[in-house]
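*Asks:* All chains, full assembly: derive it from the sequences and hints.
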Amino acid sequence: MKFSVMVNEGPYTHQAADTAYHFIDAALRAGHEVFRVFFYHDGVNNGTRMTTPPQDDRNIVNRWSALAVEYDLDLVLCVAAAQRRGILDADEAKRNGKDGDNIAPGFRISGLGQLIEAGIQSDRVVVFGG
Amino acid sequence: MLHTVNKSPHDSSSLRTCLSLAKPGSDLLLIEDGVYGALSGSIHSDTIAERLNSVTIYALGPDLKARGISEDRLISGIKVTGYDGFVELASGNDKVQSWL
Chain U
1 MKFSVMVNEG PYTHQAADTA YHFIDAALRA GHEVFRVFFY HDGVNNGTRM
51 TTPPQDDRNI VNRWSALAVE YDLDLVLCVA AAQRRGILDA DEAKRNGKDG
101 DNIAPGFRIS GLGQLIEAGI QSDRVVVFGG
Chain P
1 MLHTVNKSPH DSSSLRTCLS LAKPGSDLLL IEDGVYGALS GSIHSDTIAE
51 RLNSVTIYAL GPDLKARGIS EDRLISGIKV TGYDGFVELA SGNDKVQSWL
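Chains as they are written, first to last, in my numbering: chain U, 1 to 130; chain P, 1 to 100.
Some hints could be false.
[Said to hold, decoys possible] One side only, chain P facing chain U, incomplete, derived with CB under 8 Å:
no.	residue
1	D84
2	A90
3	V96
[Said to hold, decoys possible] Distance ranges between label pairs, derived from CB positions:
no.	chain 1	residue 1	chain 2	residue 2	range
4	P	L21	U	G100	19 to 27 Å
5	P	D46	U	A93	52 to 60 Å
6	U	T52	P	T81	32 to 40 Å
7	P	E88	U	G113	26 to 34 Å
8	P	K65	U	G86	34 to 42 Å
9	U	Q121	P	A66	30 to 38 Å
10	P	L21	U	G97	28 to 36 Å
11	P	R67	U	A93	16 to 24 Å
12	P	G41	U	R29	41 to 49 Å
Simulated from the structure, these hints should not be mistaken for laboratory data. By construction, the Cβ of each residue, glycine as well, lies at the ideal position given by its N, Cα and C atoms.
*Replies:* Given below as structure tokens:
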């Protein structure tokens with residue numbers, strides 16, 4: 001079965017980033033496909049590589065990046081939500097005249113159309129956070 | 001349809017609203033602080049227990065454990081499942097509605 005997941009809450013906020021991760025991990029281990037993970041609202045904060053949690057805590061951002069490599073996941077940050085919160089890739093940094101970018105490996109920035117397409121292409125969309 | 005509720009019934013009306021609208025035969029999974037809704041002996045327990053004859057209610061085991069809630073404190077008839085069970089519920093139902 002093809003799943004897509006929407007994450008609306010930042011890491012270390014409450015629990016949605018963890019629940020979404022464990023759901024996706026369980027789905028992939030069960031042999032399901034995850035078509036896309038779309039990060040919206042404060043969820044885009046899951047995609048900054050500048051996150052530096054204490055060493056004895058889980059690193060939520062690195063955990064997403066590792067999962068993306070292992071399963072070739074498509075992790076998409078909403079561009080408007082990302083710009084408001086200072087999450088930039090190299091292109092967005094250049095376009096907005098910023099002095100650096102901070103997107104984490106495995107993530108990309110795109111628009112809401114990616115969420116709509118995920119809804120069309122997937123059997124189920126599961127929403128976390130809010 | 002699978003409904004998920006992630007808020008405690010003491011914080012939010014989402015569990016109550018979900019239960020009032022869920023059709024017979026639906027599944028409901030309590031996750032995150034939503035697992036507090038599975039506790040017996042609260043002011044919400046009777047409302048929840050009343051729907052158990054038409055809605056199958058589950059609580060996410062790891063979230064119960066994280067809150068120190070043992071299974072013997074749950075409303076009788078509520079089932080406990082894990083993330084694998086969550087995935088099975090999401091694939092086994094035709095839609096997933098997250099009550100946030």
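*Asks:* Hints first: check each against the structure and report whether it holds.
*Replies:* Structure-based check of each hint:
no.	hint	verdict
1	D84	holds, 5 Å
2	A90	holds, 6 Å
3	V96	holds, 5 Å
4	P:L21 <-> U:G100: 19 to 27 Å	violated, 47 Å
5	P:D46 <-> U:A93: 52 to 60 Å	holds, 56 Å
6	U:T52 <-> P:T81: 32 to 40 Å	holds, 35 Å
7	P:E88 <-> U:G113: 26 to 34 Å	holds, 31 Å
8	P:K65 <-> U:G86: 34 to 42 Å	holds, 36 Å
9	U:Q121 <-> P:A66: 30 to 38 Å	holds, 33 Å
10	P:L21 <-> U:G97: 28 to 36 Å	violated, 49 Å
11	P:R67 <-> U:A93: 16 to 24 Å	violated, 41 Å
12	P:G41 <-> U:R29: 41 to 49 Å	violated, 36 Å
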